[in-house]
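Student: Numbering (my numbering), first residue to last: 1 to 77.
These are calculated hints, taken from the structure and not from any lab test. Note that the structure is predicted; figures quoted are calculated from it, not measured. The beta carbon of each residue, even a glycine, is placed where N, CA and C say it ideally should be. Heads up, some of the hints might be wrong.
Said to hold, decoys possible - Computed spacing ranges between beta-carbons, pair by pair:
1) D65 x K34: 34 to 44 Å
2) I66 x T44: 28 to 38 Å
3) A33 x I66: 26 to 36 Å
4) K8 x V52: 14 to 24 Å
5) I46 x S14: 19 to 29 Å
6) R77 x H25: 19 to 29 Å
Claimed, not checked - DMTMM-like, lysine to aspartate or glutamate: derived pairs with alpha carbons at most 20 Å apart:
7) K8 x D40
8) K34 x D13
9) K34 x E47
10) K8 x E53
11) K35 x D72
12) K35 x D13
13) K74 x E53
14) K8 x E60
15) K74 x E47
16) K35 x E50
17) K8 x E47
18) K10 x E50
19) K74 x E37
20) K32 x E50
21) K16 x E47
22) K34 x E53
23) K16 x D72
24) K8 x E26
25) K55 x E68
26) K35 x E47
27) K32 x E47
28) K10 x E60
29) K55 x D13
30) K10 x D61
31) K74 x D13
32) K54 x E26
33) K16 x E37
34) K16 x E50
35) K54 x E37
36) K10 x E37
37) K54 x D72
38) K74 x E26
39) K8 x D61
40) K8 x E37
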Amino acid sequence: MRNNITLKIKISDSNKTIRIYHSPHEVIVRPKAKKVEIHDVNGTLIEMYELVEKKLSWLEDKELDIAEIMLDLKVNR
1 MRNNITLKIK ISDSNKTIRI YHSPHEVIVR PKAKKVEIHD VNGTLIEMYE LVEKKLSWLE
61 DKELDIAEIM LDLKVNR
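When you get a sec, could you build the whole thing from the sequences and use the hints?
Tutor: Here it is, written out as structure tokens:
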């Protein structure tokens with residue numbers, strides 16, 4: 001059986017989720033500049049946040065044969 005892997009990018013501020021993305025094309029993280037940029041499907045910048053912390057996790061559900069990569073981005077508005 002093939003293992004399914006998904007990517008989730010969660011952006012939060014003060015432990016409140018702002019938005020969850022499933023497409024890495026919409027979110028650009030600039031670690032040196034400490035910025036998180038949100039783009040629309042045309043590549044136009046629509047939002048920008050100050051990056052506070054980033055955390056990468058691997059979540060796996062063996063019963064459902066699903067694995068998920070979770071990128072948590074803590075930001076300041």
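Student: With reference to the structure, classify each hint as holding or not holding.
Tutor: To see whether the hints hold, each was checked on the structure:
At about 37 Å, the CB distance of D65 to K34 agrees with the hint of 34 to 44 Å. For the hinted restraint 28 to 38 Å between I66 and T44, the CB-CB distance of approximately 33 Å keeps it satisfied. Between A33 and I66 the beta carbons are some 34 Å apart, a value that agrees with the proposed interval 26 to 36 Å. Range check, K8 to V52: Cβ separation about 19 Å, and the 14 to 24 Å hint holds.
About 21 Å separates the C-beta atoms of I46 and S14, a value consistent with the hinted range of 19 to 29 Å. Under the hint 19 to 29 Å, the C-beta atoms of R77 and H25, about 22 Å apart, fit the expected range. At most 20 Å may separate the alpha-carbon atoms for a hinted pair to count; K8 and D40 meet this at roughly 17 Å. At most 20 Å may separate the alpha-carbon atoms for a hinted pair to count; K34 and D13 meet this at roughly 14 Å.
The hinted pair formed by K34 and E47 meets the criterion: a straight-line CA distance of about 14 Å does not exceed 20 Å. Of the supplied pair hints, the one linking K8 and E53 holds, its CA atoms being roughly 16 Å apart against a limit of 20 Å. Distance check on the hinted pair: K35 and D72 sit about 14 Å apart at the alpha-carbon level, within 20 Å; holds. Our distance criterion of 20 Å between C-alpha atoms is met by K35 and D13, whose separation comes to about 13 Å.
A hinted pair counts as satisfied when its Cα atoms are at most 20 Å apart, and K74 with E53 qualifies at roughly 5 Å. As the CA atoms of K8 and E60 are separated by approximately 13 Å, the hinted pair is consistent with the 20 Å bound. Simply put, K74 and E47 have alpha-carbon atoms about 15 Å apart, close enough for the 20 Å limit, and the pair holds. Annotation: proposed proximity of K35 to E50 holds, straight-line Cα distance about 5 Å (limit 20 Å).
For the proposed pair K8 and E47, the alpha carbon gap of about 18 Å is at most 20 Å, so the pair holds. For a cut-off of 20 Å, the pair hint linking K10 to E50 stands: about 14 Å separates their Cα positions. At most 20 Å may separate the alpha-carbon atoms for a hinted pair to count; K74 and E37 meet this at roughly 13 Å. For the hint pairing K32 with E50, the CA-to-CA distance comes to about 11 Å; that is within 20 Å, so the pair holds.
In summary, the hint linking K16 to E47 is supported, as the alpha carbons are separated by about 17 Å, within the 20 Å threshold. For the hint pairing K34 with E53, the CA-to-CA distance comes to about 9 Å; that is within 20 Å, so the pair holds. For the hint linking K16 to D72, the alpha-carbon distance of about 12 Å falls within 20 Å, and the restraint holds. Of the pairs offered as hints, the one joining K8 and E26 holds, with about 12 Å between alpha carbons and a cut-off of 20 Å not exceeded.
Annotation: proposed proximity of K55 to E68 holds, straight-line Cα distance about 14 Å (limit 20 Å). Using a Cα cut-off of 20 Å, the hinted pair K35 and E47 holds, with the two alpha carbons roughly 10 Å apart. Between the alpha carbons of K32 and E47 the distance comes to roughly 18 Å, so the proposed pair stays at or under 20 Å and holds. Distance check on the hinted pair: K10 and E60 sit about 17 Å apart at the alpha-carbon level, within 20 Å; holds.
At most 20 Å may separate the alpha-carbon atoms for a hinted pair to count; K55 and D13 meet this at roughly 14 Å. Distance hint between K10 and D61 is fulfilled; the C-alpha atoms sit about 19 Å from each other, no more than 20 Å. Between K74 and D13 the CA atoms are separated by roughly 6 Å; this keeps the pair inside 20 Å, and the hint holds. This hinted pair checks out: K54 and E26 have alpha carbons roughly 17 Å apart, not beyond 20 Å.
Under the criterion of a C-alpha separation no larger than 20 Å, the hint pairing K16 with E37 is consistent with the structure, at around 18 Å. Restraint check for K16 and E50: satisfied, since their Cα atoms lie roughly 15 Å apart, inside the 20 Å limit. Straight-line distance between C-alpha atoms of K54 and E37 comes to about 14 Å, which keeps the hinted pair within the 20 Å bound. A distance of roughly 13 Å separates the Cα atoms of K10 and E37; the hinted pair therefore holds under the 20 Å criterion.
For the given pair, K54 sits about 6 Å from D72 by alpha-carbon distance, which is consistent with the 20 Å threshold. Only pairs whose Cα atoms come within 20 Å are accepted, and K74 paired with E26 is accepted, the gap being roughly 17 Å. A hinted pair counts as satisfied when its Cα atoms are at most 20 Å apart, and K8 with D61 qualifies at roughly 15 Å. A C-alpha spacing of about 16 Å is found between K8 and E37, which places the hinted pair at or below 20 Å, so the restraint holds.
Taken one by one, the earlier hints all hold for this structure without exception.
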